[in-house]
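Asks: Listed below are the residues making up each chain.
There are 2 protein chains.
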Amino acid sequence: MLTSLKRLLIGRPLKSTELGEQKLNKTKALAILSSDALSSVAYGPEQILIVLFTIGAAAFWYSIPIAAGVLILLTALILSYRQIIYAYPHGGGAYVVSRDNLGKNPGLIAGGSLLVDYILTVAVSVSAGADAITSAFPALHPYNLPISIVFVLFLTTLNLRGVTESASVLAYPVYLFVVALIVMIGVGVYNSVTGHVPENLHTPIGTPVAGISLFLLLKAFASGSSALTGVEAISNAIPNFKDPAPRNASRTLMAMGGLLAILFSGIVFLAYYYGITPNATETVVSQIADDTFGRTFMYFFIQGTTALILVLAANTGYSAFPLLAVNLAKDKFIPRMFTIRGDRLGYSNGIITLGVAAILLLIVFNGKTEHLIPLYAVGVFIPFTLSQTGMILKWMREKPQGWVPKLITNATGALISFIVTIMFFLTKFPQVWPVLVFLPLIVLLFHRIKTHYDLVGEQLRINPNQPPKLVEGNVIIVPVAGITKVVENSINFATSLTDQVIAVYVAFEREDEHAFEEKWKKWQPNVRLVTLHSSYRSIIMPLTKFIDTVQNKAEENNYRVTVLIPQFITKKNWHNILHNQSSLLIRAYLLFKRDVVVATVPFRFKK
Amino acid sequence: MLTSLKRLLIGRPLKSTELGEQKLNKTKALAILSSDALSSVAYGPEQILIVLFTIGAAAFWYSIPIAAGVLILLTALILSYRQIIYAYPHGGGAYVVSRDNLGKNPGLIAGGSLLVDYILTVAVSVSAGADAITSAFPALHPYNLPISIVFVLFLTTLNLRGVTESASVLAYPVYLFVVALIVMIGVGVYNSVTGHVPENLHTPIGTPVAGISLFLLLKAFASGSSALTGVEAISNAIPNFKDPAPRNASRTLMAMGGLLAILFSGIVFLAYYYGITPNATETVVSQIADDTFGRTFMYFFIQGTTALILVLAANTGYSAFPLLAVNLAKDKFIPRMFTIRGDRLGYSNGIITLGVAAILLLIVFNGKTEHLIPLYAVGVFIPFTLSQTGMILKWMREKPQGWVPKLITNATGALISFIVTIMFFLTKFPQVWPVLVFLPLIVLLFHRIKTHYDLVGEQLRINPNQPPKLVEGNVIIVPVAGITKVVENSINFATSLTDQVIAVYVAFEREDEHAFEEKWKKWQPNVRLVTLHSSYRSIIMPLTKFIDTVQNKAEENNYRVTVLIPQFITKKNWHNILHNQSSLLIRAYLLFKRDVVVATVPFRFKK
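Chains A and B are the protein sequences, given in the same order. Going by this note's numbering, the first residue of the first sequence is number 1, and it counts up by one from there. Going by this note's numbering, the first residue of the second sequence is number 1, and it counts up by one from there.
Where hints are given, some of them may not hold.
One copy or two, either will do: identical chains are not told apart, so a pair holds if it fits within one copy or between any two.
Below, in silico cross-link-like pairs of lysine-lysine (DSS-like), each with a Cα-Cα straight-line distance of 25 Å or less [claimed, not checked]:
1. K571 to K593
2. K330 to K553
3. K607 to K450
4. K450 to K104
5. K545 to K606
6. K242 to K23
7. K606 to K469
8. K242 to K26
9. K485 to K522
The hints are simulated quantities; they were obtained by calculation from the structure and are not laboratory data.
The task is simple: from the sequences and hints, build the whole structure.
Replies: Here you go:
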């Protein structure tokens, strides 16, 4: 039944050879991989206004110069990542670039922050998507959290189905969102220019504002740069592109950068021009759309596509997290299971881990977008800084033709990213401190996992100079509970394997002991029976003691000890609770505490 | 760590031979086995008043004749059960008496309702105990449910420690309660008789009341008879008494009947004389105590001992449920695990099942006593009726000396119990209908379990005319994942057992297949290797197919197939998640779906 539910949700299994069909063309890639970056405009501008609003609405004009700063940062990042794409055509995530150029630990810091960050991508995007919906339908406001969780479940299922099918579903909303926002910005700017919007809604640029400080402006800038989260996605996912992958990826990146710049500046401008004030129940984009179109079809269309693209932005996490996990797992820093492709060729373990972690985060933060964003942004800018710095070192080491402008580009990117990271810690410490706790812990865990795998590899390696211990004979111990077909079955099997078979009977009562020995002698005169007395009604303890004795003797002679445990296989599942499951307990105990082979002999009930 | 927690809570394990020490003398037995019945006076009288109050306070005088009816019922029940004690000296629970005299199904109906009823005993008693506490301390009123649950956990632990130790703890509160209530009744009656209580608090007996009906009076009578729940406990627990058990049990029963009659009539009289009105936040007993003593030490002493005896009344459930479960399990109607004595010689599985079920009931009914009582009472009177009816048949069949008065006694008991049962269904159908649904389901389940055990017994029995299938040889299949020490280990073990060893390698890639075959030929030229290709990255499917083929051939030659599966035993528990647990999956699949022996070969990591 579970199997058929799985089939219904994620489709039939795919053969390994069907992998090639899952590659992305540019149009689909732009949709899948840019939705995170593009959708950030739904909350980025708002973050700037929230900071400025602590001084007062008069400070809102500062959003214009701050936005200019963010656009410069965007340009630097896009150019830097373009170079990474060509330098790492097999996927240049921050982890790979930092590891190769800066060394293991910087690589792990980048990898660790990205892993956590992809989880935050999912959490932030779905909760912002829920915000877009509840801005349009205020009655739904109390249900932000459940709506977010449903979105995560939906995305997880979609991604377990596989990349291409998801892409077809996801491409439309992204383009619809871009078109809707461009129309809104166009109409808004037209209205503003033609004087249809009252001039007195905003304070003119340059108006002096009491209480403004550099600290506050930096904080607003850092907040605004959360609109740039997601620009690295394309450079991580180059192997997903159709050939020629690097060229296609680079073009997609440039297209995304252009779109992002247009949408971001348009929204910042309109928010300023309309004099919009951020509030807890309606997003800034919703207010702009309302002021531009009223609650008409266009308003709901904008809110709808915004919600959709945000939810699908979360999908970037689903593309990136499993790929990063594969890279980390191949280097043995996280469990190997993340390298295994599922039925539909997606890395199911990564997908499922991501979904579960995002839901937990949403629950912990009660689905509140504004609390998740600072953590998210700082987690993005740490790997940004590390990968750009890695590129500087690469250029200095390799010195290819024309390396100087390349170095300058990456150095600019590294410097700005570094400054933004520091700003986050300086201006938003109360919200971002967990990064300083969890990041070292994650890196430590990576190291411990790696150490374990290395030790395991060493222990599994065959050393030709050290011949294996030969097994010269076998002793088989058969615990028996009575004279039944099950026991007959086990004894027959044991005697077919070796002459050294010992049946063991654990008696709770003295009189029982003797009676059983008599019966046994008549029934199986050729099989040795040992009876053990248990004063405490435990079977495991006396049995283990006996096995220890046998094993000591066996080891002297290079004999191997096997314990035969019968297992009832019932016809119906519920019958299992009618049978004492002590065989399972005994098996687990012997296997993990004693070094004996445990052979489970099934006895199938036919009725 | 779990083990030491267990030791701390329930004490050291006891030897089976220490069982005799756990028998009860009369004083302790009265405390343990009567607390249920005696404590019922804390809610029984209140139930009468609640029904009468639907007409008005003027109707309260009817509680006096109703109480007289309840006392007659009590007398009949005590006399009937006294006869059961002597007729069934090994424990005459309603289940045994009904089964032996009326047949299997009436026995199962009695047994089923009692099982559920003991759970209700626990739930009703602890929630009424919580009521007594929150009557004294109204600030605690919102915490009725958590208080009740803590009590259940406490009792479960106590009973896992064993019967005698519980008894010592429990005897004092029961006697303190009896003394406290007798003092209260004495003082109250003295005050009433000497005119210290105003005459105008109650309407005189016989005052005509508008709206009174036979239906309402019967309903009040049925409600009041909930004070008799628990009188059967002694007759079920005769084996727990010191010798001569039946005589001791009978005396204890009479003592209990006497005390119950005194307390019940005293409380009903004082409630009537004081003109007490039932309300949701303070119990009737609390109001009587308050009116008699004010909020002095005596008031808190009465509330305290009431709470204690109610909580300990729940303990009757803990004495009775496991014993009944043993009887049902011996007859194979419930899982055999209920017959196993735990570390402290109590039937731990019964005790734990009872505790868990009671907590679930409390949660479902939100800890509200008044909603649980009707269900509880009807569940008590069904087995009352059945066991008394069983006794009638027994006397008619056996006709011992002086059987006629005995028959009349039991017939009276049966008739009254039957009438009370019918009254419950007629007057409280909306509350007691679940009995009509669950009781048939439980009886059906009993039958299905019995059928299963009978079929199992048949399949396990050795038939001397049908010689066992001999095992003439063995094929051992070793799934291998590479050339490692684990594989070397398994192959060595397998070849020590039989010549027919087949190593199986499942390849996901075609090229891999060939390379591995080459390597294998050099490494283990004497062991046959079969490589299987898996297009769907599943190991289980191709492996199972292969095993099926081998097994078909093996069966023709009376060979037995064993699959050897290596199991990593990691040094630390958390390391387990670093290893693909596919061996566990494969093992479970092969064992339950295919009829092969699965031998698990441990490979212990030393680092």
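Asks: Would you list, in rising numerical order, the hints stated earlier that this structure does not obey?
Replies: Hint 2 is the one this structure does not satisfy, whereas the remaining hints hold.
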